[in-house]
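**Q** These are the residues of each chain, in order.
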Amino acid sequence: MPKVIFHHDNDETDVVESPDGTSVMKVALQNDVAGIVGECGGQAMCATCHVYVRDGYLDRLPEISEDEEEMLECTAAPRDETRSRLGCQVVLGPDLEEVEVDVPTSQV
Amino acid sequence: MCPPPKSEAATTSVVVIGAGHAGVQAAEALRTMGHAGPLTLVGDESAPPYQRPPLSKEHLDTADAEPLPLRGMQFFAEQRIELCTGASATMIDRSGRRVHLSDGRQLPYDSLVIACGATNRSLPVPGSDLEGVHSLRTLADAEAVRAAMAGCDSALVVGAGFIGLEFAAAARKRGLPVTVVEAAARPLGRALSAEMAEHIAEAHRSTGVDLRLGTGVTAFLGDNGRVRGAIGTDGTEYTADLVLVGIGVVPRDELAIQAGLTVDDGIVVDEHLRTSDPDIYAIGDCASFPHPLQGNRIRLESVQNATDQARHVAAAILGREDPGGYRELPWFWSHQGPMKLQIAGLRLPDDRALVLGDPAEGKFSVCSYRGERLVAVESLNRPADHMAARRLLAEGRAPAPERLDDPGFSLKVFARALEPTP
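Protein sequences, first through last, are from chains A and B.
Just add 1342 to the spot in the first sequence (first one is 1) and you have this note's numbering.
Just add 278 to the spot in the second sequence (first one is 1) and you have this note's numbering.
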C-alpha cells in the first residue's frame, strides 16, 4: 500500500499507509498526523494543508493548478518555491507510491 | 464513551454543544490558547466529527464513502477533549450552570458554547414523507442520497440553492436526467448578483439540467410509499424517483429558547459572540451576530464563519478577545461541476455590480459596490481574484469602481502593488 512519511519540526516522524486515491491531507486527518488542518475539506480553498515535499519526490507530483498556485501564495508558513504543495492536491497512486513531506510549524 | 463529569473542577470548565466545524475548532482553539480545565464536546450524531461541505460535492461522485474527519480520534484524547458523540443536549440549566444530556448525564460549565448549527427546512406539502424524498446535511443524509443515486432513473431538485445545484451537477455527471425547480426568478438567492446567478443558471442548462425558475412544488406523488414524481405550482407533472429538497435551513435555537436566551432568526449574540447570558456564547450557523461590514445583524452558514468565530470565542472565554469584536471577512465557496464559485464579502440586492473579465470564457468576477465602496467579489474559476479580494476587503483598500475600466486591470496586481516593499 502507498505510504506517506510526515516529518515534524521536533524530529518526530509519522509513517502512514493509505490506499491509492487518498490525498496527503486526508491521510493526515484520518491518522491523527499533527500540523495538517484541511479546513476546507480538500477544495484548494484554505491553504491549511501546506506541506514541503522532500527532494526526490518532487518530479513525481502533478503540476500545480492555478487554484493551488494562488493558495500557495497565502500559506501561514513561508512558501518554498520548489517544495511547497497543498496536501489535498497530492494524491497517492501508481505514480506516487511513497512521498516524504515536512510539516510546517503553522497552518492558520 | 463519555466519562462522568468531574465533581469538582480545579479550574474553569467549558462545555461546547455541537461537534461540527465550529464546535471542534472552538475546542481545539481553547486548548491551543491555554485552557487547562475540563473541556467537553457534545455531538448528537454517532459518527466522529466530520466535514460537511464535501457531502454535497465530491462525496456524491467518488467511490470513497468515508467522510473526511475534522480531526483524528487520537486528537481528542491527546487534547483532553471529552468527546460525547451520540448524545444531544436537552436542556441548559442556567441557574445551576449545567447542561442536561439525552442520556441523563449533566455537565457542569463555567462557560458554555452553543454551536449546534442548523437543520434543513422542510417542504410542507403532501407526500414529503415518501421514501425517495431526501434532504442533505448530515452524513446519514449523504449516504441515503448516494445509495438512491445509484439506482435511480431521474432526479427532481426543489430549490436552486448551493446544495441543490451541487447535487444537480453531481447527478448530471452520472448521466441522470435532472430537473431543478426554484420559486425565485433566479438561482442562488438574493445574496448573489444577477450577473453571476444568470451565468450559473445557463451553465447548468448547457449541461442538460432542466432548470425551471419561478415555480415550485405543491405535492409529491407516490406509489406504495415511494415517490414517483411531483405536481408543480403551475400544474406541471414531474416524473422522478429521487427528490432532493434544498430550500435552506433554520437555525437550531430550541435549546436557547428553552433557556430564555434572546433569539431572532438564530441565537442573538453581541460583537464578542456572547448571548444574553454572559457565560453562554453562540457561534456558527446558529448565531445571529452584528457584522460591522454589513451594519446589521446577520447569520452565516459557512466553514469560514464557523472556524473564525470559534477562534474568537475561545479567546473571549480566556479573557483575551479582540477588543474590536468579531469582524472577520466572510467568504464562501461552491463547486458545481466545472464551476468553482468563490465569494468574498457580502452584497445587498441594490449594490452595483461591475463585471471583471469575460463571462463567455467561463472565468470572470463580479465586483459589487455600495456607493464607492467595494463590498463583495464573486469569482467564477478566477481564484486569483478571490484571494486578492479577500485581502483587499479585509484591509478596506479596494480599488475605486472606475479603476476596473483600466485596460488589463487585475485585482491581484492591484493588491500586490499595495504591499509594502520588504
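Heads up, some of the hints might be wrong.
Stated by the list, open to error - Which chain A residues face chain B? A few, computed with CB under 8 Å, are given here:
| hint | residue |
| --- | --- |
| 1 | ILE1347 |
| 2 | HIS1349 |
| 3 | HIS1350 |
| 4 | ASN1352 |
| 5 | ASP1356 |
| 6 | LYS1368 |
| 7 | ASP1374 |
| 8 | GLU1381 |
| 9 | CYS1382 |
| 10 | GLY1384 |
| 11 | TYR1394 |
| 12 | GLU1405 |
| 13 | ASP1409 |
| 14 | ALA1418 |
| 15 | ALA1419 |
Derived from the structure by calculation, the hints contain no laboratory data.
Predicted, not measured: the structure shown is a model, and the values here were computed from it.
Here a beta-carbon is modelled for each residue, glycine too, at the ideal position from N, C-alpha and C.
**Q** Hint by hint, say whether it matches the structure.
**A** Going down the list of hints, with the structure as the test:
1. ILE1347: violated, 17 Å
2. HIS1349: violated, 18 Å
3. HIS1350: With a closest approach of 14 Å, the HIS1350(A) hint is violated.
4. ASN1352: This hint is violated: ASN1352(A) lies away from chain B, its Cβ roughly 14 Å from the closest one there, beyond 8 Å.
5. ASP1356: violated, 11 Å
6. LYS1368: It holds, given that the least Cβ distance between LYS1368(A) and chain B is near 6 Å, below 8 Å.
7. ASP1374: holds, 3 Å
8. GLU1381: holds, 6 Å
9. CYS1382: Holds: closest Cβ of chain B sits about 6 Å from CYS1382(A), inside 8 Å.
10. GLY1384: holds, 7 Å
11. TYR1394: violated, 21 Å
12. GLU1405: Since the shortest Cβ distance to chain B is 15 Å, the answer is violated.
13. ASP1409: holds, 5 Å
14. ALA1418: violated, 13 Å
15. ALA1419: Because about 16 Å separates ALA1419(A) from the closest Cβ in chain B, which is outside the 8 Å limit, the hint is violated.
Checked against the numbered hints given earlier, this structure breaks hints 1, 2, 3, 4, 5, 11, 12, 14 and 15; the rest are met.
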